[in-house]
Structures are given as structure tokens and as C-alpha cells.
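> Here is what each chain is made of, one letter per residue.
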Amino acid sequence: GNSVTQMEGPVTLSEEAFLTINCTYTATGYPSLFWYVQYPGEGLQLLLKATKADDKGSNKGFEATYRKETTSFHLEKGSVQVSDSAVYFCALIIQGAQKLVFGQGTRLTINP
Amino acid sequence: EAGVTQFPSHSVIEKGQTVTLRCDPISGHDNLYWYRRVMGKEIKFLLHFVKESKQDESGMPNNRFLAERTGGTYSTLKVQPAELEDSGVYFCASSQDQAWTYEQYFGPGTRLTVT
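Here the protein sequences line up with chains A and B, keeping their order. Read left to right, the first sequence gives residues 2 to 113 (the numbering used here). Read left to right, the second sequence gives residues 42 to 156 (the numbering used here).
None of these hints come from the bench; they were simulated from the model. Computed from a predicted model, the values in this text were never measured in an experiment. Check the hints yourself; a few may be wrong.
Said to hold, decoys possible - Under the rule of at most 27 Å between Cα atoms (straight-line distance), these lysine-lysine pairs were calculated in the BS3-like manner:
#1 A/Lys61 <-> A/Lys78
#2 B/Lys85 <-> A/Lys50
#3 B/Lys82 <-> A/Lys50
#4 A/Lys69 <-> A/Lys53
#5 B/Lys119 <-> B/Lys85
#6 A/Lys69 <-> B/Lys56
#7 A/Lys50 <-> A/Lys78
#8 A/Lys78 <-> A/Lys53
#9 A/Lys69 <-> B/Lys92
#10 B/Lys56 <-> B/Lys119
#11 A/Lys61 <-> A/Lys50
#12 B/Lys92 <-> B/Lys56
#13 A/Lys57 <-> A/Lys78
#14 B/Lys95 <-> B/Lys119
#15 B/Lys82 <-> B/Lys56
#16 A/Lys50 <-> A/Lys69
#17 B/Lys82 <-> B/Lys95
#18 B/Lys56 <-> A/Lys53
#19 B/Lys56 <-> B/Lys85
#20 A/Lys57 <-> A/Lys69
#21 A/Lys78 <-> B/Lys119
#22 B/Lys82 <-> B/Lys119
#23 A/Lys61 <-> B/Lys82
#24 A/Lys57 <-> B/Lys85
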């Protein structure tokens, strides 16, 4: 079946630290990959996406590269800010399908 | 443009009671989805409407859950009777067209607590 596995949280970092949140996937078809973010009190927002192998999605200083050989889509940011504190979800959708498949989410807290 | 809205934001009910959650999608979005996150685990798909028709309800956990989308606008998700394991956050999302190529926009969720 289709599944997404994220690194366990919570993750706590200091401001300006380097961030990596690991995400690997299993897919029966050809997936598009996403990172969603949920800030406190808000809904899920699409952070970035990649639709084919070796694509790099980027937004707000975050990046993730679609690695088909390792079935991974790790989220990175070079220098995090307090405002990045949120829950991050890795997700996939199979080409032609309608439903997103999510990982369990990683809660990130950035301390000043 | 207004985003996806959900009501209520939080509901606390006793086991055996009935609760109805409401979702208003972005205007003009024919596709509406319900998802659920239970106990801090992964967000799981429940069902998908195209206009008023159920396209895929493979994620509905059991027949205590009933989703409707009369007139193809807002949707309701009724849980009757509620059980303890139904506690979680229920998300609604909408998209303009097929999700493979179009972004799903999510609402803030309804936190359901069954005691």
C-alpha cells in the first residue's frame, strides 16, 4: 500500500539552527510529494511540493528534494525562526488518485 | 476569497451522543474531502465528494459516520452514536478540480472530544 513515515517528534531547536525533518514513503504508483504545515490555531497549509523525481520544492526558506532512489523527501531549512514553530506533515498523492496520504506529523518548537 | 471554514472549532460530547460537524468549502470548489487525525497520529482520509456525489468513501471507519453534501455546497459529517475512539481532529479540504493536479485547501479542523 501507500504510506509515509516521518521522524518522531517533538523537535526543539534554537533560533538560527539548521533543521532537517526526515520523510520516507512507500507507494504503489507514481506519487507527488508534499509538505504541509499547521501553525497554532490554523488549518493545514501547503508548504511545498514536488511532482517528479529530482524536483526540488521550496518556500519560505524551506526545501525538499524528491529522491526516488531512496524514496525520501526530507524537509530542510538553513536557519529556523521562532515563527517556524508548528506541526509539519509529509504527504503523498498517487497520480490519478484523489486522496492525500499523510505521515504522523512532527511538532517543531523553536526557542529564541 | 474566504478559505475553508469548519464549525464548531471544538466539541465535547459524551459517549453515545450525536455530533454533527460542518464544512464550508471555498466557493466554486466542486471537490470536498474529509480527513481525520486521531491521537496525534497520521491524518487519514475519510471520504471525497464531487459536488453532491460521494466519489470515494473508502476511509469511513464504520456506519456510525454519515457524510452529506446536499446541493453540492457545504458538507456535514455526523457521528451517531459517538464512541471514545472517535476523538480527534476532523479536517475538511476542498479543491477546484481533481486533487492530483490541484491543491487541496484545508480548514482549521474541528477538535472532537468524546468522554
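> Could you work out which of the previously given hints the structure breaks and list their numbers from low to high?
Checked against the structure, the hints that fail are numbers 6, 9, 12, 18, 21, while the rest are satisfied.
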